[in-house]
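*Asks:* Each chain is listed here by its residues.
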Amino acid sequence: AQSVTQPDIHITVSEGASLELRCNYSYGATPYLFWYVQSPGQGLQLLLKYFSGDTLVQGIKGFEAEFKRSQSSFNLRKPSVHWSDAAEYFCAVGATQTGANNLFFGTGTRLTVIP
Amino acid sequence: DAGVTQSPTHLIKTRGQQVTLRCSPKSGHDTVSWYQQALGQGPQFIFQYYEEEERQRGNFPDRFSGHQFPNYSSELNVNALWLGDSALYLCASSTRGFQETQYFGPGTRLLVL
Chain U
1 AQSVTQPDIH ITVSEGASLE LRCNYSYGAT PYLFWYVQSP GQGLQLLLKY FSGDTLVQGI
61 KGFEAEFKRS QSSFNLRKPS VHWSDAAEYF CAVGATQTGA NNLFFGTGTR LTVIP
Chain B
1 DAGVTQSPTH LIKTRGQQVT LRCSPKSGHD TVSWYQQALG QGPQFIFQYY EEEERQRGNF
61 PDRFSGHQFP NYSSELNVNA LWLGDSALYL CASSTRGFQE TQYFGPGTRL LVL
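Quick mapping for you: the protein sequence lines, in order, are chains U and B.
Residues in the first sequence are numbered from 1 upward in steps of one, following our numbering.
Residues in the second sequence are numbered from 1 upward in steps of one, following our numbering.
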């Protein structure tokens, strides 16, 4: 069965510092992987996605993620964090084996940015 | 171009009652999925509709049911509400296909007392 683990519940970084949010997945087939961001009181916004090809994926707002099959990981990175990046971040894997596109989410990582 | 819209934004119900939540998909999308996000958790897949039929279902009881209309909008119905149903309910739309990205609405916050 597919699952996603986000080991860090809460991360605090200083504005301008680099960021890495961890995501590990479990899935029997080729995974389709996503990172979404959720600001307080809002729905989920797609940051980036990986289907195939280049394992380094660029997304919106200066984010990138790297797919590492050997480590079953899809970590999200940003070289310099802005105060507006404070939010909840969710990693998700797509249920491709069923032919559908429903998603399985991790429990999220809350990012706090300090000035 | 309007994105995914949901109504109402907030709702308070008491145990045993029934609730209906509504979703209008993004223009051009024909597939609607519903997710439940409990406080402090990631969203959990409830079910997915296209061509007015339920196509995929997650691990949710039959108290959770849905409907999709010819204009692709959708409703989520929950019967016999209990306290554990308190959550943010998210609707996501897409075109059909396992490579299609889901776009989420702002959600409906349901509180069951």
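Please keep in mind that the hints were generated in silico from the structure rather than gathered at the bench.
Just so it is clear, CB atoms sit at the ideal spot from N, CA and C, and this is done for glycine as well.
One or more hints might be untrue.
Unchecked claim - Label pairs and their calculated CB-CB ranges: (1) A17(U) x G16(B): 18 to 28 Å; (2) E51(B) x S80(U): 41 to 51 Å; (3) G40(B) x E15(U): 48 to 58 Å; (4) E20(U) x A2(B): 27 to 37 Å; (5) P115(U) x P61(B): 23 to 33 Å; (6) E100(B) x Q58(U): 16 to 26 Å; (7) E66(U) x N71(B): 20 to 30 Å; (8) A17(U) x T14(B): 40 to 50 Å; (9) P115(U) x R109(B): 26 to 36 Å; (10) F60(B) x G28(U): 15 to 25 Å; (11) Q17(B) x T107(U): 41 to 51 Å; (12) P70(B) x P115(U): 48 to 58 Å; (13) T14(B) x A29(U): 27 to 37 Å.
What the hints assert, rightly or not - Incomplete in silico selection of chain U near chain B, CB under 8 Å: (14) S39; (15) Q42; (16) L46; (17) K49; (18) F51; (19) G53; (20) F105; (21) T107.
*Asks:* Evaluate each hint against the coordinates.
*Replies:* Do the hints match the structure? See the list:
1. At about 50 Å, the CB distance of A17(U) to G16(B) disagrees with the hint of 18 to 28 Å.
2. For E51(B) paired with S80(U), a C-beta distance near 46 Å keeps the hint of 41 to 51 Å intact.
3. With their beta carbons about 25 Å apart, G40(B) and E15(U) fall outside the hinted range of 48 to 58 Å.
4. In this structure the hint that E20(U) and A2(B) lie 27 to 37 Å apart at CB holds, the actual value being about 35 Å.
5. The given range of 23 to 33 Å is broken by P115(U) and P61(B), whose C-beta atoms sit roughly 46 Å from each other.
6. A C-beta distance of roughly 20 Å is found between E100(B) and Q58(U), which places it inside the suggested range of 16 to 26 Å.
7. Roughly 41 Å separates the CB atoms of E66(U) and N71(B), a value that falls outside the hinted 20 to 30 Å.
8. The beta-carbon spacing between A17(U) and T14(B), approximately 47 Å, falls within the hinted interval of 40 to 50 Å.
9. For P115(U) and R109(B), the Cβ-Cβ distance of about 30 Å falls inside the hinted range of 26 to 36 Å, so the restraint holds.
10. Remark: the range hint 15 to 25 Å for F60(B) to G28(U) is upheld by a beta-carbon distance near 23 Å.
11. In this structure the supplied range 41 to 51 Å is violated for Q17(B) paired with T107(U), their Cβ-Cβ distance being about 29 Å.
12. Separation of P70(B) from P115(U) is about 52 Å and conforms to the stated range, judged on CB atoms against 48 to 58 Å.
13. For the hinted restraint 27 to 37 Å between T14(B) and A29(U), the CB-CB distance of approximately 44 Å leaves it violated.
14. The restraint placing S39(U) at the interface with chain B is violated, with a minimum CB-CB distance near 10 Å, outside the 8 Å limit.
15. Hint on Q42(U) holds. Least Cβ distance to chain B is approximately 6 Å, under the 8 Å limit.
16. Because the beta carbon of L46(U) sits about 6 Å from the nearest beta carbon in chain B, less than 8 Å, this interface hint is met.
17. Taken as an interface hint, K49(U) checks out: its beta carbon lies about 6 Å from the nearest beta carbon of chain B, inside 8 Å.
18. Below 8 Å, beta-carbon pairs count as interface contacts, and F51(U) has one with chain B at about 6 Å; its hint therefore holds.
19. Here the hint on G53(U) is broken, as its CB sits about 12 Å from the closest CB of chain B, past 8 Å.
20. Taking 8 Å as the C-beta cut-off, the interface hint given for F105(U) holds, the closest approach to chain B being about 3 Å.
21. Interface restraint check: T107(U) against chain B, minimum CB-CB distance 5 Å, threshold 8 Å, status holds.
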